[in-house]
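*Asks:* Sequence:
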Amino acid sequence: MTRKKTSKTPAPDPSAPAPDAFQASAAAYDAAGDMFQILAPDGTVVRPEALPSPEQRVHLYRQMRRARQFDERGWVLYRQGRLGVFPPFGGMEASQCGTAAALTSDDWLFPTYRDTGAALTLGLPIARTLAYWRTSPHGWAMPENLKVLPFYIPIATQYPHAVGAALAEARKGTKNVAMAFIGDGGSSEGDFHEALNFAGALNAPCVFILQNNGWAISVPTSTQTKATNLSKRAEGYGIPGVRVDGNDVLATWHVTNEAVQRARQGGGPTLIETVTYRVKPHTVADDPSRYRTEEETAKWTEKDPVVRLQQHLLKEGILTEEQDAALLAEVAAEFEEALKEADAYPDPTPAEILDHVFAEPTPNLVKQRAQILAEVDA
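Using full-length UniProt numbering, the letters of the sequence shown map in sequence onto residues 1 to 378.
Be aware that a few hints might be false.
Unchecked claim - Straight-line C-alpha distance at most 20 Å; calculated EDC-like pairs for lysine to aspartate or glutamate: (1) Lys280 <-> Asp106; (2) Lys147 <-> Asp106; (3) Lys340 <-> Glu330; (4) Lys280 <-> Asp304; (5) Lys280 <-> Glu302; (6) Lys175 <-> Glu258; (7) Lys315 <-> Asp304; (8) Lys172 <-> Glu144; (9) Lys340 <-> Glu72; (10) Lys232 <-> Asp34.
Rather than coming from a laboratory, the hints here were simulated on the basis of the structure. This one's a predicted model, so the numbers in the text were calculated from it and none came from an experiment.
Work out the full structure, taking the sequences as your base and the hints as a guide.
*Replies:* If you want it as structure tokens, here you go:
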């Protein structure tokens with residue numbers, strides 16, 4: 001018996017972007033009916049009853065401009081050799097600034113490596129943030145007046161930590177909450193599910209931010225999971241889940257503020273999925289052309305969160321062209337002043353690498369520090 005010959009399917013080119021890689025992300029955003037939105041991409045109001053005060057809108061706009069200034073200047077500093085490799089977040093300002101703006105300095109913030117915008121919004125000094133991304137010890141210790149954890153590099157470990165901090169605040173009898181960020185890729189990790197279950201079972205005052213930005217490095221969301229609405233994962237743990245337009249800062253602030261207030265009042269945790277897109281590379285050393293096309297990114301550039309709110313403020317007369325220009329000048333001057341401060345930090349000494357490991361150094365650290373000092377003096 002002879003076997004019928006069949007043609008072999010050509011092997012896919014691993015360097016070419018998958019044709020459907022963008023599909024799930026685009027479909028998720030365009031299905032606006034299943035996510036909360038206040039401003040449409042063109043800046044028009046779709047939920048006038050949910051608009052915050054004009055003062056709050058200007059405040060959120062300023063925070064996004066500050067974040068974008070850091071992101072854009074960071075690229076320049078990196079190319080000049082004045083900043084280390086860092087993950088850009090341009091295009092995700094509404095997702096980060098709108099959520100963090102719902103907190104106070106008494107609350108906890110557990111950021112991922114991409115959440116510089118959130119940390120700046122809560123009050124992390126720009127100079128110290130620059131020092132952190134320069135791998136300088138001057139950026140390792142967070143300010144004493146802020147409960148901001150260092151940017152987490154491991155994936156999803158911050159979620160259980162945030163639950164622990166939230167439960168500690170509850171036991172102390174405070175109204176403080178903990179907020180933790182994660183990406184869509186991180187939501188596939190076990191720590192994500194364990195934290196939600198832990199927080200739900202113990203009614204922890206915790207707000208979980210799940211930034212669905214379409215990519216886990218070069219892996220699209222559609223490859224990671226068949227789920228198309230990640231906020232529904234909250235249902236399995238008996239806690240509220242909200243899906244919000246992550247490029248609409250008014251919407252992200254609105255739903256997060258509600259979740260924070262509910263947590264303060266003893267209502268327990270909330271999972272918020274912000275649907276956005278990582279228009280920038282994974283890091284400044286990444287080449288996204290290897291896994292996606294420029295056309296895909298261009299679709300999301302049109303949904304720019306900063307421009308969206310700017311158009312709204314100008315149209316409503318809340319901000320004039322002159323006031324907008326003055327705001328941009330203030331933000332730029334603030335960054336340059338912080339850059340001068342960061343540049344003036346003294347060079348670190350070798351032993352400083354051990355200074356921020358534990359509040360009280362362990363015997364091993366004391367021994368290691370003495371060894372380093374002896375080698376330096378030799």
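*Asks:* Does each hint hold? Answer for all of them.
*Replies:* Cross-check of the supplied hints:
1. Lys280 <-> Asp106: Distance of about 32 Å is beyond 20 Å: violated.
2. Lys147 <-> Asp106: Given pair Lys147, Asp106 holds - Cα atoms ~7 Å apart, limit 20 Å.
3. Lys340 <-> Glu330: 16 Å, holds
4. Lys280 <-> Asp304: 12 Å, holds
5. Lys280 <-> Glu302: Answer holds: Lys280 to Glu302 is near 14 Å, not above 20 Å.
6. Lys175 <-> Glu258: It holds: about 14 Å lies between the C-alpha atoms, which stays within 20 Å.
7. Lys315 <-> Asp304: The given pair, whose Cα atoms are some 17 Å apart, holds under the 20 Å limit.
8. Lys172 <-> Glu144: 19 Å, holds
9. Lys340 <-> Glu72: 17 Å, holds
10. Lys232 <-> Asp34: Since the Cα atoms of Lys232 and Asp34 sit roughly 11 Å apart, the hinted pair holds (cutoff 20 Å).
The structure does not agree with numbered hint 1 stated previously, though it agrees with all others.
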